[in-house]
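Work out the full structure, taking the sequences as your base and the hints as a guide.
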Amino acid sequence: MAEMYIRIAEEENEEPMEIPSEDDGTVLLSTVAAQFPGACGLRYRSPVSQCMRGVRLVDGILHAPENGWGNLVYVVNYPKGRKMDEIDASSATKIKRGDQKTSDLIVLGLPWKTSEQDLKDYFSTFGEVIMVQVKRDVKTGNSKGFGFVRFTEWESQGKVISQRHMIDGRWCDCKLPNSKQGPDEPMRSRKVFVGRCTEDMTADELRQFFMQFGEVTDVFIPKPFRAFAFVTFADDQVAASLCGEDLIIKGISVHISNAEPKHNNTRQMMERAGRFGNGVCISSVFGKYFQRDLSRHVCLGVGMGEKGFWGQKK
DNA sequence: GTTGAGCGTT
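In case it helps, UniProt numbering puts the first sequence at residues 1 to 314.
Derived from the structure by calculation, the hints contain no laboratory data.
Here are the simulated SDA-like cross-link-like pairs (lysine to any residue), alpha carbons at most 20 angstroms apart as the crow flies:
#	residue 1	residue 2
1	K250	S30
2	K135	F146
3	K135	D121
Structure follows, in structure tokens:
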């Protein structure tokens with residue numbers, strides 16, 4: 001499909017603007033947002049049902065309806081809270097969503113040979129699966145014998161948790177992961193921490209993805225790769241609303257939390273105090289993040305880097 | 001090239 005233009009307007013009866021599609025017929029949310037800042041999606045009125053329909057949005061890419069974009073006028077969606085100012089309304093939807101929202105489930109006891117496709121095939125018998133992962137040794141690629149799965153339907157999740165599973169000849173258990181227990185403390189920052197990133201996620205892709213929630217002002221990915229990123233929004237309420245969520249980017253479940261985590265970890269507290277378990281002291285004049293980086297360096301130097309996770313060991 | 005309770009590279 002060649003590049004074409006689709007018609008987009010702020011409101012249904014307003015003068016539309018023509019926006020270019022990509023070569024494959026999709027439209028980037030960023031292209032829309034370039035003309036309609038803060039846009040998070042598109043909708044249109046179905047000529048058949050006369051109802052408003054949402055345009056499918058996956059990882060920042062808008063996909064044409066079944067019969068193509070056609071000559072319809074698409075209407076811009078903005079993040080909730082921008083139009084709906086009442087706190088009651090937003091907190092009501094939050095509670096409603098939070099109640100039956102599915103979580104990643106940990107799958108324990110997997111056979112070493114079980115692949116992600118195997119997991120998907122097995123769990124699809126319980127309902128639509130939106131994410132599967134087998135945790136592997138980074139170096140060897142061998143399975144660690146556990147993984148994660150997420151369903152779209154709450155009912156599927158309930159059924160799966162309530163029973164044992166025979167997968168490739170072994171009994172496996174599915175549970176809510178420990179990392180999921182206990183709610184995150186509230187936050188007043190415009191910046192969120194995005195954990196469990198993979199190395200192939202680019203800053204551009206993260207921006208594309210997160211702009212569906214609100215205007216993104218910055219994306220920071222530490223180099224070398226550290227499996228996390230920081231995303232800053234224009235609006236701190238958007239950041240706060242995402243805190244504690246597990247979002248799926250390119251099939252991977254990433255975890256959103258406070259950009260500046262609470263001091264509840266002994267290691268972190270000692271680092272902050274400038275003292276290490278092995279007695280090495282450093283000055284506390286460094287900034288928090290730099291200090292954390294420095295601590296990694298020091299730790300590697302005194303023999304705590306045996307696993308070589310950070311690629312320093314030769 | 002091994003293994004079998006656990007918890008996802010701040």
